[in-house]
Amino acid sequence: MRDILQELNRSVGVRGSAVVTHDGILVASELTAGLDEDAVAAMASSLVRNTISTLRRVGLGEFSLFTMQATSGKMVVADAEVAYLVVVTDPGVNLDLTMVDIEAASYRLTKRGQLGV
Amino acid sequence: MALFSVVRKQLLLRRLRRRAHDKPSPSTMAELAETYFNQNYPEEAFRTLERAMAMYPDSDLLRNLSAHLRRAEFERQVRVLQRLVEENPNDPTVHLALAQIYFTVRDTNKVLEVVTEGLSHCPGEGGLLLVGARARLERCCRDLSERDCLLAIEDLRQVLQGNPDNHEARRLLGQLFYLLGHYRAAVELLAPYVQYNPWDERAQGWLTAAQAGPGPAESLVLEEAMTRAFKRGRFPIDLGGEREHPFVESLAERPMIRDVVLGSTERLKQALMLGEGLRAAVWAGLRGPEVLIRREGLGEANVLALADVASAGERACVDMDLGRPERAVITGPAGTVVMVGFADGHLLALFSPALHSRDAERRVSDALQEAGVVAEEAGGA
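Chains as they are written, first to last, in the working numbering: chain A, 1 to 117; chain B, 1001 to 1381.
By construction, these hints were calculated from the structure, which means they are not laboratory data.
By construction, the Cβ of each residue, glycine as well, lies at the ideal position given by its N, Cα and C atoms.
Check before you lean on any hint, since a few could be wrong.
[Unchecked claim] Restraint ranges, calculated between C-beta atoms of paired labels, are given here:
hint, chain 1, residue 1, chain 2, residue 2, range
1, B, Glu-1138, A, Asp-90, 52 to 58 Å
2, B, Pro-1333, A, Ser-72, 28 to 34 Å
3, B, His-1167, A, Arg-56, 52 to 58 Å
4, A, Tyr-107, B, Arg-1315, 27 to 33 Å
5, B, Arg-1324, A, Arg-2, 27 to 33 Å
6, B, Gln-1100, A, Ser-72, 58 to 64 Å
Bound-form chain B, shown alone (with noise of 0.2 Å):
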């Protein structure tokens, strides 16, 4: 009975096969790869598609079903994968399948799952820890994400120090430092990796631009993103050498304050810095300021100590009975400090004199509440 089904396939097969050999169109060549792909033949499918969609590039019919045919495959695989992690929790390979599987489609949150996953079985695997760090890395390129370049950092520092001479790790870890602003590691990264891999060109392109140091804006971002980070204190991270940075250094003697979930640090920025005369900014929480933005020449301290303003109104309302204060604005002839209040914090923004407008504050508290950074407004002052 097998030997007959698998007989009657392969001359469906054939008969397929040559029709669309005959009479070559979408139609005749989607119902062969669909037919190979039916009968688990994925590759050869997937060979015809290709084939098919170089000869009618605009067919709707061959590209619909193209996507259907990946997606099909992926959840294919992913079901075989999850069964073997199932049956095999302990080999760190099927954990590793599982994961570049999810990484091939860009699911970084189920690539991290899978590593985490695989890392409480198989602790320090040093192939787990890597496509993690890929997918911490896809996410702090996308989302401007201090938490997953600093969880990557730790787990290529880890992976690097099973296998100093593991390629890969050395290559991600000074993009990583590329991307944070610290060009003299990631130049001690990158140089002998672009050694032994003078085609990486992009590699190549990050050692030049990190030879070359940072620019005002760079170091701005940097800066701001490592305050976040620190600050926040979750992350017991090592940064060994960096330490010599002056800026890291001022950082690590400071207080942790609070941790403040930002949804979309870029569109925050660019949110902030179409403020008409804003510059400055700072999310005063409930247990302390945190430095969002600044515009250069205004030092991060005295830009802190705008917080004291919204301490100070604070317990002038509260000793006043004047009850939670909303909205307070401080004019004066060098500029304009205006402080909004929300359910779990202030937001004090600094602006230059005669370019204060209601217009550009609402959109950096309407910025702020997009992001995140803020629950609701107290008021509606």
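Okay, chain A solo, but in the shape it has when bound (with noise of 0.2 Å):
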């Protein structure tokens, strides 16, 4: 799994990426330096935690993919279906190309079922 998440970290733009399970426990991180991890696990864990809560009450469900904006970074919560694939980029990246490479490292983390939750 870590080699997945090393992989998409030598995305163009990628600080940082991890596995949170649906429940907000984290399974792996890769954070380049500059990123707390045990800070981005925290709240990687608490904002799907929070978020899947959320849309369960205002009845939808589960989510596929929450791409969040922010001044100084973007952040994308991406399904991988037994868990969610957390990626940290830098303010200014293209979310559209990198999002190419998260969905890949999605769909190989999904496939490969490594997590063994």
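Hey, can you piece these two chains together into the complex? The hints should help.
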């Protein structure tokens, strides 16, 4: 699983990636310097948990893709069926292009079924 | 000398009258009307103009003169009444007369200014409260301003406390309740009014409509309007019997949230409804969420929960050192949630699946900015 994340991190503008279960448990993470692993893990878990719970209340169920653009960076949470792939990128990155790599990584994670959850 | 002047003015008037009679034309009649007005006979001037306009309905000269004289007469009356108000600030009748003059030209800001000033000198004066309520009702109908609706209700209730038989106050309060969708209260007020004033067809119409009850669209408007009004929490309004209304009851228990200034509620609603596939939109401000609109079938509490997404996203961005969130899109099989960051909060919009478009999203945020709900977008996402 780490090799998938490491390969993804080589894409332009990607600062780090992690895998979080639907319950918000961090399974694996590969973060570049400058990103606090604990903070990303905690916040990614919390974000996934809160978003899913809110979407369920609104009747939307689970999400397949969550993209967030902020002033100093972007974050993508993509559904990999048994878990979520969390990717943090630079602010100037073109997400449409990076999304191809993210979706490919997500697909590989799903297919490999390496998560063991 | 004064006598000579009077005689000279009378002779001038006689000459102009004769000329208008012998050679009637827009110009001769206009000159006569203007002279009447200048010699302080406004009623004669307007009567002459009325006759002339009946004879020459297409005359621009007469139409322009009429507008000019009416404006001049209005300004003259305002000047006189303002002087009287300054001389007799404790006389409610002069405040009332001045407020009514402004009301004739639908200058509701001025009406309310005069009423407020008058009430500071003559607290609880029924006439002033009534004309103030009429002005607020005007604004309520024009701008769908809930603030004015609620203040008008307070004023009218005060009038009715002082004089329960005030039919005008009953009619206005009934109309307001009808507009707000409190049909039961509207019927209670309008039924006795219509009984004593059967010729008032408008009141009869409101009564009939109120007795028929709300349609689904009306109840939605009521709910949203009341939500905003209560959440602003500025108005310690006593809804009396209306507390029985389950919706109002539920609102009363909620904490007051933030004050959002809505420019034109009607325009905002229309703009939001135009957004293709838009099911709901929530404005999550600095101190909490406020429902802007939601389609039928979506519970208010559920829609408000969308604001939690904004808070979770904001927290995540801050903790991961990503800065301030500007835009987020959450896509799922059952729909799309879009969050747009603004300087003082977030707009969350829920779209039906496959119907979400940047165009619809832009329309929502444009409408919000235009309506003054939000000041500026946080970034050019």
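Which of the numbered hints are not met once you compare them with the structure shown? none
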